Amino acid sequence: MFAPPLIGVTIMANQIPHVDYLELGDKPHLVANECTSCGARFFDRRNACAKCFKNEFKKVPIATDGILKSFTIVAFAAPGVPVPFVAGIIDCAGTSVRGNVINTDPTPEKVSLGMKVRLATFSLGTDDEGSEAIGFGFEPA
Amino acid sequence: MASDDIWILGIAMTKFGKHSDKDIVDLGSEAAIAALADAGVTMDDIGILAAGNLMGASASFGQALQKQIGQTGIPVYNVANACATGATALRTAIMAVKAGEVKMGLAVGAEKLAGAGLLGGGGVSKKDGNKFEPRGRFGSVLPTDGRIGTDTMPGTFAQVGMEYGHKYGGVSFELFAKISEKNHAHSVLNPMAAYQKRFTLDEIMNDMMIAYPNTRPMCSANCDGAAAAVVTSGEVLRTLSKEQQRRAIKVSASVLTTDPYQEACQILPDVNTLTRNAAKLAYEQAGVSPSDLDLVELHDCFATAELVHYDNLMLCPEGGAVDFFMSGATWRDGSMPVNVSGGLESKGHPIAATGIANIWEVCHHLRNEAGDRQIKDAKVGLAHVIGLGSACGIHILERSGL
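The listed protein sequences derive, respectively, from chains A and B. When we follow my numbering, the leftmost residue of the first sequence carries the number 1, and every step to the right adds one. When we follow my numbering, the leftmost residue of the second sequence carries the number 1001, and every step to the right adds one.
Incorrect hints may have been included.
To be verified - Examples of chain A residues lying across from chain B (beta carbon under 10 angstroms, computed):
| no. | residue |
| --- | --- |
| 1 | Thr72 |
| 2 | Gly88 |
| 3 | Gly125 |
Hints are computed from structural coordinates only; laboratory data are not their basis. In this text, all values refer to a predicted model and were calculated from it rather than measured experimentally. From the three backbone atoms N, C-alpha and C, an ideal C-beta is built for every residue, glycine too.
Isolated chain B, as found in the complex (with noise of 0.2 angstroms):
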């Protein structure tokens, strides 16, 4: 192993779904304490501490989760980045690391989200026929969501996917829906996921409709969750134990990127560019191509988003998703399984856990310990996350091979 290389020594994530009994800080601890006990290491070889939980970006999460796991005075970077939160917090630790100014890092995500409902539309406000009085970027009267387009984040993917279908052809009601069927099927095997319920492709279509094509189990569960990963160097790596070395999982790649202006962007979120910007730096990074990969955990906030990361992260050719989706090829037994773990439909999406959860899995199958759902003799993986607005986080992952 190089020096320079980017090692995950130890990484853990807490069941997601309903919590009722713990708080943020309950849930940060319990997966940074489990990762720590994963890479075989405690606080005082943690040198930096990223950490994320976007609704209470403001509040000083990181230190509040020090005060519970270990107060060593190391520099803590509280990170917000929408629903890239966590791969932010993992890629903090690992400029860190990759800068040279610190052995370890420690990146956590935790969110509280169960019944939280519906994210993203900002509704009328109370101001509503009082005094109609230009407000705002747009010198609006009155709010724009809701009677200029939507705001809601069901309404605003179902258009990402619908304009893919515009652009493409091929896209409908039923195709959609055959997607979240994979991935609801996919969480039966895992224990860790917030729902574990098989649907039929009736039962998905006829379910309550949220934004047309997106009915209700095809958008991400609103759940509670953590997940947190200790991350190293290849030079410290080397003066570690064989077993720490043997479950190490490297990371060829490590992206976060932004969109770049597009026609439009401004207009319906681009979540294209970007992902595929960090798919081609990512895959350059890590000199692996989409056919090396073993499996993905890409971001289905809503069925209609996983449809067009296909094609963004160059699992398909250009415009070929449909029939790259339609061929079989993303169901588990398929040569490109994505989404094993049942994706943030169903295994839920904590937001700042999500970013790291996802790696977790990937980490999971790398090392051979994915129990019922193990991909065979996985050895290469990629995770991917967007946070609306944008952000996109790719990692890719391989194994030790030691």
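Extracted from the complex, chain A is given alone in its bound form (with noise of 0.2 angstroms):
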């Protein structure tokens, strides 16, 4: 069973993304790094561009539709890591995003090269203390 995306509802007070590159909130988006000298885009915390070198970043956000450019079936993982599941690499206007294409069979006759994808969030459970965890993946589109 895949959980409904979350998409169009309001944030939960206690609802905290599972990447800090995850910003939810009414329209569920991921954002990046963009040097501000070169424009190279980064998801993680920066010590400098990779390419550039410089060190000024501004917070961008990324489209949130994509073409899934390339794609694996995981079958065997390690221990805890439910499978089978479809792991990408989703072109997004021109930016490169990891991410699990959820919400359809992870079979090689539902998920294809080339496919149009949209960000989907969902809830990867909760802590002790309430807090939900928002996940996100790429559905088709």
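Join the two chains, each given in its own frame, into one complex according to the hints.
Written out as structure tokens, the structure reads:
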């Protein structure tokens, strides 16, 4: 069973994103650190730019629609990771993003190179203090 | 021979496979002692030892090795560079000889990996379900492996091959399986391989799926093994016996690269750009072109990886790897035999040994000592490794012609 996407749902006070580059709210989307000098985009905490070595960044929103430019269907993973799942690389209007393809069967019949996908969010569970972690993936568009 | 040329004077590998009765130092010693004997020298002649054992990278593998094979007080460089560890050790020894600091160097790579299982997947931490706190460079409250893509090696390299398909078209599960079919067929002739079993295409495609489109036989085989090489300069080689000169193999190019920044390279490791850069530099250093190569040992850690490296090593026109493979070129009787050893999929991949063992394979052919799997009249060969993260080592080797 797949959890329903939360797009359009107002964020609850006790929801936290799986990663800090996922912005929740009415329109969940990813946010990159963009080098103000060369425009290279990164999703992690930066010390400097890997492309031009400058160290000023601004936050930029990433398109929520994209094209699946590569994928694998992982059938064998570390203990505790549910399989099978589809891991993919999505071209979101020129910025490459890593994410799972969700809300479809993880089979070569349902997932194909070049398919259109869009960002979707889902619950990853709740911790002991009642905070709900919200993850993201990409579903067929 | 020019004074500043670099030569492999001796080289050896252990059989790859399960060596449950031997530890890392046993395996490394076996390869090192055999390489010294092959070179016709002793530890007294060696000025530097470069040693790699990736899984024990924090231990002093080189010093442990010295305690078994000869403590002469020479400097040891313990190196770790993912799957390019062996090539990095060799390159370290080569740089020392090239710099004129030593007359001869010894490089050793050894690994015990039999039964290691899946590599690269982080899995789920024990913290799950307690309290969500942002951690690490992505501020993640839960592990990301499996939830935001995959960290596993089979999955990562599956995406590398599929990305090539998205860019150029023509890939399929069957195509990748056919690459694996070729390497397993080649392994039948290699007694040093961990596995010497020929598989049918159906057997490969119907085996256990690991990460689509890579099934189990399409993945490199975790196993134990070691390899070692003695390198020297042309100046020193001139003073040695005619037999040593005849069997010496010229290192026409020795290159190590990392990946230059490219869009997406921090999303999915870019194993292409650094390989292409290394290949360009290597062909330039050696003064040879891809069409001069008689055989290639490339880093087929997964069947999906072999395809992209045909292109990266410029064995085919850009974007033409599928057609190139389907022409039969890379089978041992083709125009550009690739992985006649059986490759990592059947010969095995004891990580730190791999980057020297692939050079051993090429040297063996160039010396006309490869027995049943000899590529006839081989004069020039190329050995390639990729360590994810990434590091790429390429060596171009030529027979002495003496």
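A quick look at each hint next to the structure:
| no. | hint | verdict |
| --- | --- | --- |
| 1 | Thr72 | holds, 4 angstroms |
| 2 | Gly88 | holds, 7 angstroms |
| 3 | Gly125 | holds, 7 angstroms |
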